[in-house]
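*Asks:* Sequence:
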Amino acid sequence: MLQLFKLLGNKRLFIMLIGLVAFIAIMGFTLGPRASLSWPEKFVKDTVGFVQNVFYKPAAYIAGFFEDVRNMRAIYEENEELRKAVVQYSRESADYNNMKANNDKLKEYLGFTQNQKNRDKYEYRTAQVLSVNSDPNNRTLVIDLGERDGVRVNMSVTTVDGMVGIISNVSNFTSTVKLLTTMDAQDPNPQPISVTAIGKEDKTFGIIESYDEKTKTLLMTRIPEDDPIKAGDKIISSGSGGVIPQGLIIGEVASVQVSQYGQSKTATITPAAKFEDWKYLVVVFTPEEPE
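All you need for the numbering used here is the position in the sequence shown, starting with 1, plus 782.
Hints may be right or wrong, so weigh each one.
Said to hold, decoys possible - DSBU-like mimics (lysine-lysine), calculated; alpha carbons at most 35 Å apart, straight line:
no.	residue 1	residue 2
1	K1056	K903
2	K1061	K998
3	K1012	K996
4	K996	K1061
5	K866	K903
6	K998	K985
7	K998	K866
8	K1047	K887
9	K1056	K985
10	K866	K982
11	K998	K1056
12	K1016	K982
13	K866	K889
14	K998	K1016
15	K985	K903
16	K996	K982
17	K903	K889
For the record, the hints were derived by calculation from the structure and aren't laboratory data.
All chains, full assembly: derive it from the sequences and hints.
*Replies:* Rendered as structure tokens:
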């Protein structure tokens, strides 16, 4: 008994003993069947819940903010891709429309040249216009067919509407076209065109060798006095001389006049070609004359 009191006199041991008894009592109390929580459990649970609520809401707001930022970034990148796709579509659409227009134009020229080939047995090749010289004293243009393609000086150049000129100069890859609007009887190197009228090939004959800038017409001369030519006739090349192919459309007769001495006639011809806004021309390849 004395030893027990001595043992209890030790404060540390006494406190540990009291704590152990309290722990066993609490465990027995909490492990038993109960209808509700004790006030210490409620206190601890409420405290933990309050602390979690204090820290959870701001954390949730911050996490949601960064999630929204990521979503906005993704939407922005997606919009950029869509914008690029729209620009690419517009570019490809323009390219497609351009190629389609060129294709339709080439088909039109092909139909024209095929009809001519069947009638005249000449070879026709489409050329693209590279540049135009609008100098009134030297109206020429440059096309993308040259010596390597078989182009030769004095070859005729035409459009679907009518003849526009002849090849005056040739390089390896390009050629220069001298337009009919530069024709001048006083030219030291003239290139007159022998012509006739459609439906009157055996009755009508004349020469075109000049262009009137004021009236925008060609002058047809050396027409016989008894020639049945009249206004409205369609004038084409006759093929005489072997330089200009037969059957090229030149224009339409605007008027016919009796020459000064009454032994021949002259006629003003409205060109069939428009002489403007060219993109493509047709070069007429005639058989090369043997030397």
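*Asks:* If a hint holds in the structure, say so; if it does not, say that too.
*Replies:* Hint check results:
no., hint, in the structure
1, K1056 - K903, "holds (26 Å)"
2, K1061 - K998, "holds (22 Å)"
3, K1012 - K996, "holds (22 Å)"
4, K996 - K1061, "holds (26 Å)"
5, K866 - K903, "violated (52 Å)"
6, K998 - K985, "holds (27 Å)"
7, K998 - K866, "violated (51 Å)"
8, K1047 - K887, "violated (39 Å)"
9, K1056 - K985, "holds (28 Å)"
10, K866 - K982, "violated (63 Å)"
11, K998 - K1056, "holds (10 Å)"
12, K1016 - K982, "holds (10 Å)"
13, K866 - K889, "holds (34 Å)"
14, K998 - K1016, "holds (17 Å)"
15, K985 - K903, "holds (24 Å)"
16, K996 - K982, "holds (29 Å)"
17, K903 - K889, "holds (19 Å)"
Violation of the numbered hints given earlier is confined to hints 5, 7, 8, 10; the remaining hints are satisfied by the structure.
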